[in-house]
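All chains should be built: construct the whole structure from the sequences, respecting the hints.
These protein sequences, in sequence, are chains A and B.
Per my numbering: the first sequence = residues 2 to 229.
Per my numbering: the second sequence = residues 78 to 272.
In case anyone wonders, no lab produced these hints; they're calculated from the structure.
Ideal Cβ placement from N, Cα and C applies to all residues, glycine included.
Take every hint as true, because none was put in to throw you off.
Covered by chain B, per the in silico footprint, the following chain A stretches (three or more residues, Cβ under 8 Å):
1) 6 to 14
2) 47 to 54
3) 66 to 74
Chain A side only, calculated, beta carbon under 8 Å to chain B, not exhaustive:
4) I58
5) P60
6) P200
Next come the chains, spelled out residue by residue.
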Amino acid sequence: MNEHLTWEDLNDVVDDVLAPDDAMRARAHLASCAHCSHRRAELEVTLAEVARAAREIPPPAEAWPAVRAEIESRKVVPLAGMPARRASMARFASGRRWTLVAAGIVLVAASSFVTAVVMDRTQPAAPATVAVDPGATITVPVAVVDAERSYLASVQELSAALEAARPHLSAQTIEIVERNLALIDAAITESRAALLRDPGNRVLLEVLAGTYRQKLELLRRAAQLATS
Amino acid sequence: MTSVPVSPVATPPPPPPDEGDGELVARARRGDVEAFEVLYRRTSGRVYAICLRMSGDAERAKELLQDVFVRVWERLESFRGEAAFTSWLHRLTVNVVLAQSRADQRRGNRFGTLPDDPDAGRLSDSGGGAASIGHRLDLESAIAALPPGARKVFVLHDIEGFRHEEIARLTGTAEGTVRAQLHRARKLLMEALGR
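This is the structure in structure tokens:
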């Protein structure tokens, strides 16, 4: 080979990716051509210099606070098991007075949850643990946990009231209510699991909010039946 | 029926400085931000170097760095520990940078808009101490000044050690194109360095 090696061939020699025959011819040329040998050496020196370039470059100091704020706003938190129901909540189970209170609770809880769902979730939120179903260990975003606080309190109060009103309901009504509650709880669990996989999905948040509203409405209607 | 009190999570103890990546990942998975910060402190220099060199822009690199670590936080569950955490992290970093580059190209944005424009990737700021060293500044500036497509291939191959076929797969281009970009990048780099 009398012609000089092309730039591509030189690179392929350095990278050792030439086919065996081509590599043999290139090496033979390099052994006899000072020009190509010099170009190859320059390339190798440059690449060695590049290889010694700093593997790490310190990032700007403000990068971590921004990362932290973002992950705090998206953070998911565990849900622990359910503690015993507080008997004191049964005080709400007293006829029409309870019904009016329950209706107000439903309205406030549902409204605040929906508001929280649709608002821009850019503010960091403190970690929290929320207990829902016995033995549940699923997780939800902090934004949802915050929104759930009022919902969970309402469910607690309505559940206690319904439990107190239980003697006034027929066995058939109790069976239907419990079956529907189980279905809604399963839907909540499913929505939470989906949110865990995709915490920023607002559609899923709205689905979860709708399921919460269903549960509150069912509890409210069941309690109304007991007092009508 | 359901009963639902709300209680705060106890603050976890700070991780010991010599705790391994695996233990820190496990703690971070449980929501321990302090453990995640230790992981960040250990690895962000390398991640930032990849982002800076591949994007050629310090402000863009900072955005990419933040994006990478937010994604890492969200995807910690998918890290199975089959490879080293740093390997998983660097792969994720490259994927984030390339995905963002493609998205920006689709939007006709600043990053990668003009793949053959040698001025498209000027390093606006070193972003750290490395560039304070004279010859390294020359080298980093020369890398940053490469055309975006060639620069990405060059960084992946000659700095990060990816093979031609891996780069072709990651960038969705033919292996021959990757080699051509690499050869071009080296030629331009040597010219910029006066060789």
